[in-house]
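Mind docking chain B on chain R? Use the hints.
There are 2 protein chains.
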Amino acid sequence: MFKNSDPILLIDEQKVKKNLKRMHEKVLKSGAHFRPHFKTHQSLQIGKLFQEEGIKSITVSSMGMAEYFGGYWDDITIAFPFNILQLDRLNTLLEKQFVHIMVDSPELVDALLGKVDMYCGVWIEIETGNKRTGIDPNRIDEIRAMVEKISNDPYLEFTGFYSHPGHSYTRKGKEAVLSVFNETVSIMNKLKSQFDIEGIQVNVGDTPSSSHTDSFEGVDSVSCGNFIFYDMMQVNIESCKAEDVAVCLTAPVVSISRERKEIAVLAGGIHLSKEKMELNGQPFFGSVVLLEENHWGEPLQDCYIKSISQEHGVIKASDELLERVKIGDVLGVLPVHSCMTADCMGKYYDFEGNVIDHFSMRARDRD
Amino acid sequence: MFKNSDPILLIDEQKVKKNLKRMHEKVLKSGAHFRPHFKTHQSLQIGKLFQEEGIKSITVSSMGMAEYFGGYWDDITIAFPFNILQLDRLNTLLEKQFVHIMVDSPELVDALLGKVDMYCGVWIEIETGNKRTGIDPNRIDEIRAMVEKISNDPYLEFTGFYSHPGHSYTRKGKEAVLSVFNETVSIMNKLKSQFDIEGIQVNVGDTPSSSHTDSFEGVDSVSCGNFIFYDMMQVNIESCKAEDVAVCLTAPVVSISRERKEIAVLAGGIHLSKEKMELNGQPFFGSVVLLEENHWGEPLQDCYIKSISQEHGVIKASDELLERVKIGDVLGVLPVHSCMTADCMGKYYDFEGNVIDHFSMRARDRD
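In order, the protein sequence lines correspond to chains R and B. Quick note: the first sequence, position 66, residue 65 per numbering that gives the first Met the number 0, numbers continuous. Quick note: the second sequence, position 22, residue 21 per numbering that gives the first Met the number 0, numbers continuous.
Chain R on its own, in the form it takes in the complex (with noise of 0.2 Å):
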């Protein structure tokens, strides 16, 4: 079933399952609320094993995402500054959907302000050390007067205060990325107490901080995503092992050179992304793995894409991998980054051979 001509996305629901069952536990047990972010599967199948978990908050990151899924939850957060521009969607969805939206200026409250027709949540975003966007927790009066501003708007609800903190990316292993963690928490937690209003809720929630911590103390609301499928980038932050990734491309072999010990698939940009790592000092775009009947092996030792361009992805190859390898065969790519590879592909198959969706991309720009 592996002998797809073109690269298709495999997914294992048994990982996928194990994943979301291992980091709602550790929710739960924290007594937080979870509102995992669904940027990475996109999917409406896979929205439904959340669903089956007991799950009702989720987050995304566009206004199109938050459309797909609109309709079938206690509420969506779009955790993203609010693009002015879609008002008029926002309103729309509200008739169908409770929404958290997100803002992270007074200039945007005040373009919001009398302009939303339903009752609507708003996170004001923090930044905490990620440097992407968000208000200075600093900035306490402009921040005081933006609660103060939503609160009096007749349909705007204040949530909380939202924070991703992406910065934990760059670390590598439980302290350094519990470091960013803890300061994270401990920043949100500084402005919390500054206001006294019930019920408002603290947002952390990157998947390497989720992963590491053994305890969300201190965090009301977690939206972490990419724990649902992991990547190579996860495995090299240690937020999990290379068997938890649960996504898979797989990359027909069209050319070997045996003097280079390089293998040319047919998977490139177009498929995995170009989202690149280093290791050990040299670029990397995937880890190569073996397809079996129902589940794909371990990443091979010494086995890596070195290099991609638009359609083309060229393997370092092990010894021992190029003895067995002929024109022809498949082989299995764990991409570097799971939520960029699934959102090239636009979709995934099961095991089976079932075609899961992913939301497409021609919505994208739907108005």
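No lab work stands behind these hints: they were computed from the structure. Careful, some of the hints might be misleading.
Since the list can't tell identical chains apart, any single copy or any two copies may satisfy a pair.
To be verified - DMTMM-like cross-link-like pairs, simulated, lysine to aspartate or glutamate; straight-line CA separation at most 25 Å: (1) 346 / 197; (2) 346 / 356; (3) 189 / 242; (4) 148 / 258; (5) 2 / 116; (6) 325 / 152; (7) 130 / 277; (8) 305 / 277; (9) 95 / 292; (10) 130 / 261; (11) 114 / 156.
Frame of chain R; chain B shown alone:
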């Protein structure tokens, strides 16, 4: 019209036509055959512009693309070592479209013999320094045996020797790029001279070489592709000027950090791809331009995308841009790699808001 709330990929058809005419005229003047590579635009409608120019041969990088374009051309070259798992698809395609496939090993030739049911051209891919695929030109006995076997097959026809000297992408400026080009042309012609076969062709055609060279002397067939759009990578190689770049992503402004002098836009890796350049020692993911009614401006000085994640792009912004920009504005981004960006976006918009097709992502694994 550029107030689309999601990013869209704008196309400047005047620039496309100008880029096409310039390259086509140079190829014609040299007496070479033009087989422009369609992996850049992947569009039937843009393909029509080539037909209006009198171009009848094209190049693609996958079977899916050949199927998409099939039926409208004298011949299509699939410039990828033939994926033997796609034999059935090749035979089906040959019923409506003459195709040249590519081989780069004796094993692949052996796997093809007697398996192709209709006339089909075959290029032998030669490795001239790119170290991706292709056979070493010094393996002359094996190449000779491959040519002989191809010629003796009832339906396979030996077309000639194909090279993609992609290592030109690591050079910068006319002299450096042309040293790659000239070396490749010399290797290819030395090889060709050892075969006393009438009409066999030498194909070369990367965009850096094709843009920098004044003549295609010694080249029978030219298969460059990126030149139709160009991008910031080609600007950096000095293959073109920024004003030649013919596609531009629209990027809604969602967050502004005046302290860090940064602007966050909705334009991430799922829109631009994660293709990265280094510019002045810094990571670089695209140039920033202002959008006007029917065009976009030159790249703004000291403004560029410094980092991207799945949906976020972070612009390092000049004081001048910071002064004028506000939330809800839409900026333009000239991509690092237009082929990858077009593939991510899956369609184009002209200045009148008309949609222009792009080969569907979904069709990639159609079997």
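### Numbered hints the structure breaks, given as an ascending list
1, 3, 9
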